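Engineer: This is what each chain is made of:
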Amino acid sequence: MDFNDTTEEAAFRSEARTWLEANAPKVNLSGKPEAELLKLAKAWQAKKAEARYACITWPKALGGRGGTPIQQVIFSQEEGKVGAPRGFFDIGLGMCIPTLMAFSDDATKERFVGPAVRGEEIWCQLFSEPSAGSDVAGLRTKAVRDGDDWVINGQKVWTSGAHYCDFGIVLVRTDPDVPKHKGLTMFWIDMKDPGVTVKPIHQMSGGSNFNEVYFENVRVTDSQRLGPVGDGWKVALVTLMNERLAVGGATGPNYPELLSLARSTPSGDSSALEDAAFREKLADWYVQAEGLKLTRFRSITALSRGQTPGPEASIGKIVSANQLQAMSTEAMEVLDQYGIISDPELAPLEAGFQQSVMWSAGLRIAGGTDEILKNIIAERVLGLPGDVRVDKDVAFKDMPTGL
Amino acid sequence: MNFDYSDDQKFLKSEARKFLDARATAKVNRAVLDDPTKSYDPDLWKAVAEMGWLGTAIPEAHGGLGLGHVELCAIAEELGRVVAPIPFASTVYFFAEALMLAGSDAQKADLLPKIAAGELIGCFATSEGPGAVTADRLSCTVDGGKLSGVKIPVTDGDIAHKAVVLASEGGKPSLFIVDLAGVARETLKTLDPSRSAAKLTFASAPAERLGGVGEGIALMEAVFDRAAVLIAFEQVGGADKCLEMAKEYALGRYAFGRTIAGYQAIKHKLADIYVKNELARSNAYYGAWALNTSASELPIAASAARIAGSEAFWFAAKENVQTHGGMGFTWAVDCHLYYRRAKQLGLVAGASRSWKERLVSQLERRNAA
Ligand SMILES: Cc1cc2nc3c(=O)[nH]c(=O)nc-3n(C[C@H](O)[C@H](O)[C@H](O)COP(=O)(O)OP(=O)(O)OC[C@H]3O[C@@H](n4cnc5c(N)ncnc54)[C@H](O)[C@@H]3O)c2cc1C
Numbered sequence: 342m343d344f345n346d347t348t349e350e351a352a353f354r355s356e357a358r359t360w361l362e363a364n365a366p367k368v369n370l371s372g373k374p375e376a377e378l379l380k381l382a383k384a385w386q387a388k389k390a391e392a393r394y395a396c397i398t399w400p401k402a403l404g405g406r407g408g409t410p411i412q413q414v415i416f417s418q419e420e421g422k423v424g425a426p427r428g429f430f431d432i433g434l435g436m437c438i439p440t441l442m443a444f445s446d447d448a449t450k451e452r453f454v455g456p457a458v459r460g461e462e463i464w465c466q467l468f469s470e471p472s473a474g475s476d477v478a479g480l481r482t483k484a485v486r487d488g489d490d491w492v493i494n495g496q497k498v499w500t501s502g503a504h505y506c507d508f509g510i511v512l513v514r515t516d517p518d519v520p521k522h523k524g525l526t527m528f529w530i531d532m533k534d535p536g537v538t539v540k541p542i543h544q545m546s547g548g549s550n551f552n553e554v555y556f557e558n559v560r561v562t563d564s565q566r567l568g569p570v571g572d573g574w575k576v577a578l579v580t581l582m583n584e585r586l587a588v589g590g591a592t593g594p595n596y597p598e599l600l601s602l603a604r605s606t607p608s609g610d611s612s613a614l615e616d617a618a619f620r621e622k623l624a625d626w627y628v629q630a631e632g633l634k635l636t637r638f639r640s641i642t643a644l645s646r647g648q649t650p651g652p653e654a655s656i657g658k659i660v661s662a663n664q665l666q667a668m669s670t671e672a673m674e675v676l677d678q679y680g681i682i683s684d685p686e687l688a689p690l691e692a693g694f695q696q697s698v699m700w701s702a703g704l705r706i707a708g709g710t711d712e713i714l715k716n717i718i719a720e721r722v723l724g725l726p727g728d729v730r731v732d733k734d735v736a737f738k739d740m741p742t743g744l
Numbered sequence: 004m005n006f007d008y009s010d011d012q013k014f015l016k017s018e019a020r021k022f023l024d025a026r027a028t029a030k031v032n033r034a035v036l037d038d039p040t041k042s043y044d045p046d047l048w049k050a051v052a053e054m055g056w057l058g059t060a061i062p063e064a065h066g067g068l069g070l071g072h073v074e075l076c077a078i079a080e081e082l083g084r085v086v087a088p089i090p091f092a093s094t095v096y097f098f099a100e101a102l103m104l105a106g107s108d109a110q111k112a113d114l115l116p117k118i119a120a121g122e123l124i125g126c127f128a129t130s131e132g133p134g135a136v137t138a139d140r141l142s143c144t145v146d147g148g149k150l151s152g153v154k155i156p157v158t159d160g161d162i163a164h165k166a167v168v169l170a171s172e173g174g175k176p177s178l179f180i181v182d183l184a185g186v187a188r189e190t191l192k193t194l195d196p197s198r199s200a201a202k203l204t205f206a207s208a209p210a211e212r213l214g215g216v217g218e219g220i221a222l223m224e225a226v227f228d229r230a231a232v233l234i235a236f237e238q239v240g241g242a243d244k245c246l247e248m249a250k251e252y253a254l255g256r257y258a259f260g261r262t263i264a265g266y267q268a269i270k271h272k273l274a275d276i277y278v279k280n281e282l283a284r285s286n287a288y289y290g291a292w293a294l295n296t297s298a299s300e301l302p303i304a305a306s307a308a309r310i311a312g313s314e315a316f317w318f319a320a321k322e323n324v325q326t327h328g329g330m331g332f333t334w335a336v337d338c339h340l341y342y343r344r345a346k347q348l349g350l351v352a353g354a355s356r357s358w359k360e361r362l363v364s365q366l367e368r369r370n371a372a
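As given, the protein sequences belong to chains A and B, one line each in that order.
The numbers in the first sequence follow this note's numbering, run straight up by one, and end at 744.
The numbers in the second sequence follow this note's numbering, run straight up by one, and end at 372.
Be a bit skeptical, because a hint or two may be false.
[As the list claims (entries may be wrong)] With a Cα cut of at most 27 Å, we get these calculated DSS-like pairs of lysine-lysine:
| hint | chain 1 | residue 1 | chain 2 | residue 2 |
| --- | --- | --- | --- | --- |
| 1 | B | K41 | B | K13 |
| 2 | A | K733 | B | K272 |
| 3 | A | K634 | B | K21 |
| 4 | B | K41 | A | K634 |
| 5 | B | K346 | A | K622 |
| 6 | B | K16 | A | K634 |
| 7 | A | K380 | A | K367 |
| 8 | B | K16 | A | K622 |
| 9 | B | K21 | B | K41 |
| 10 | B | K272 | A | K622 |
Source of the hints: derived by calculation from the structure; they are not laboratory data.
For clarity, every value in this text was computed on a predicted model and none was experimentally measured.
Whole structure, please, built from the sequences with the hints as guidance.
Structural biologist: Printed below as a string of structure tokens:
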């Protein structure tokens, strides 16, 4: 048991650090509008790609470095320290492009992988629909064959980043007469197609990171198909498996910020930090947060031994999203009446806790809800049976629907 | 980074599992649990001594195997899995660790070889009554090399040959080694009779100081840190076993026409146990690293390992009973062996409340620095 880099890892880390120090943009990102952040992020991505620090594990021929997963982890750790702009490419490079690489022909890869690595084109994931989220295989957007083309009609929802994305992978129904998992097919599409309409959704947290996406007679060629007709579910599983790797834990204020807040907030004759009930909770959160960090170290160890992390990675999101919600709520308690103030000029930490109270609610849903992730752990890690299903052998068109 | 057992340690662990699966069955635990005259299983103790496990972390010069603490952690995990009814924790995690931490060369040379050989059972006597012991409330005293006073409860106090005792001399708390041959001891009725505990009444018992004068509280905490990490591995082992038991039972039990393992209330319960167990394991590994390298982070790492270990084992033990339904509440089914042990281990090195307070005090200091 040790935390030290091997000689090669240490060499890579120092090389990465030197490069980051020389090249990372030294800008303050807080409070910048999205459009500006996007510009900064694209420039940074291009720089990384040029130095082969973008997509470190991908083959060199595709714009990567041909490096190891552990090198990717090391680079991300070091990149995290310099506060470079990030977040815009996670879905594309973490989920969409790996799916494209697994299921498209060489010409398609040649066309799209490079620009995505360089941050010139951004991708989104068009899976969820109004009637299909956890049960995404229940989706209704349909593609109908027309000669060598397919024509897509329907609606997606909760599509993160659709408003600035250039392309997307879209899961659609191509056969409503078979059970729902069997009638799906995956395509890539051009988000700038005139038949695609993107409408931002106003989130409870105030921002608009995700969107409704409407398809009206969007024509795609058969060459845009990823995987065989009717095999869309298998393709989607590849995307979702990558999602578990891409979606780490919640980001936001953690126990050190909560400790500082309590220390500086008066309570009774002293500070809120002296309160025994508060201290006990703080201890629990510390133990949980450290436990998560150390569990990640265990996954990294498995990675560096050549194992692939499995569904156990789901732990990270369940625990961190719930902890963020609980800690932010406690921060409000510490502040007492003042806790309701969410003005960054007035609230401590530029209202970081107030924002997290709102945002953490979404984190518990995005990328698989708490309940679905617990099902995944129960079924895929522990080997317990799946839920009772009434939809397995019923043709999609005959399935009962609600909202 | 290599945040896992090494291949050699994994081999040691799997050998330990094979051995204990054969030798430390639930029947062995029950033979002690069910018999009020039995405080431990001497045969298992002897066999464990023959395996060399008692001296895992004791230097070769003192008759031990001279392996590291991570190896000892691996063995602890396996002992926790089988709720072994032997004075391993008292002798190895507390008594031997106290000696290695604070003993003089002569004390180490005298006692460590006996521990490694299985000739000496040790115990650690600090508690004197309800509530955690403090320097101000300490009532055991030493005068002219003789110790007097009462310690209660002392795990394995009824079978140990020697004890490390916290007592004050001239108003200063220190640790002392006391031979228990002439000391009055009374076995107590406790939650987990497979790990016996006693009341020790010292009346001018000859006592030899262990460590410096007035260092008693600091040394006790340092010993607790070390023991906490090792116990955390027993807790992780026990918690994982509870998860396995619950899973196996749930898969085989049918209600409303199907296995109860298919109901989400059960599935999510077991997923919750899994998550807690994994976090506890990770915190325990960090503690093992800190213990093995004598890192300055040990007090924080040990606190986290202890808090997570106690929480995970208790949660797994109680939800394992729940998953078994009425069967889980019977004496005949093994769930209660773990339920009892979870509480025993969760209190024997101090309650979580105290550890949480200790942890936060340290975080405060670190945060201020
Ligand atoms: C911030 C954010 C970003 C997102 N980004 C994207 C994106 O980029 N692309 C995309 O395709 N989607 C995206 N999503 C959608 C997300 O994947 C879905 O919201 C999520 O899978 C839940 O689906 P739903 O909203 O339809 O809720 P539902 O599936 O209707 O769930 C409602 C409730 O029922 C519970 N439930 C459902 N099924 C079960 C079951 N079998 N057992 C027990 N409980 C169950 C759920 O846990 C939940 O509590 C995003 C969501 C959020 C919040």
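Engineer: A separate judgement is required for each hint: does it hold in the structure or not?
Structural biologist: Structure-based check of each hint:
This hinted pair does not check out: K41 (chain B) and K13 (chain B) have alpha carbons roughly 33 Å apart, beyond 27 Å. Taking the CA atoms of K733 (chain A) and K272 (chain B), the gap is about 26 Å. The hint holds against a cut of 27 Å. With a C-alpha separation of about 32 Å, the suggested pair K634 (chain A) and K21 (chain B) falls outside the 27 Å cut-off, and the hint is violated. For a cut-off of 27 Å, the pair hint linking K41 (chain B) to K634 (chain A) is broken: about 44 Å separates their Cα positions.
Taken as a hint, the K346 (chain B) and K622 (chain A) pair is honoured in the structure, with Cα atoms around 21 Å apart against an allowance of 27 Å. A C-alpha spacing of about 25 Å is found between K16 (chain B) and K634 (chain A), which places the hinted pair at or below 27 Å, so the restraint holds. Using a Cα cut-off of 27 Å, the hinted pair K380 (chain A) and K367 (chain A) holds, with the two alpha carbons roughly 14 Å apart. Between K16 (chain B) and K622 (chain A) the CA atoms are separated by roughly 35 Å; this puts the pair beyond 27 Å, and the hint is violated.
Proximity of K21 (chain B) to K41 (chain B) is assessed by CA-CA distance (about 25 Å); at most 27 Å being required, the pair is judged to hold. Between the alpha carbons of K272 (chain B) and K622 (chain A) the distance comes to roughly 22 Å, so the proposed pair stays at or under 27 Å and holds.
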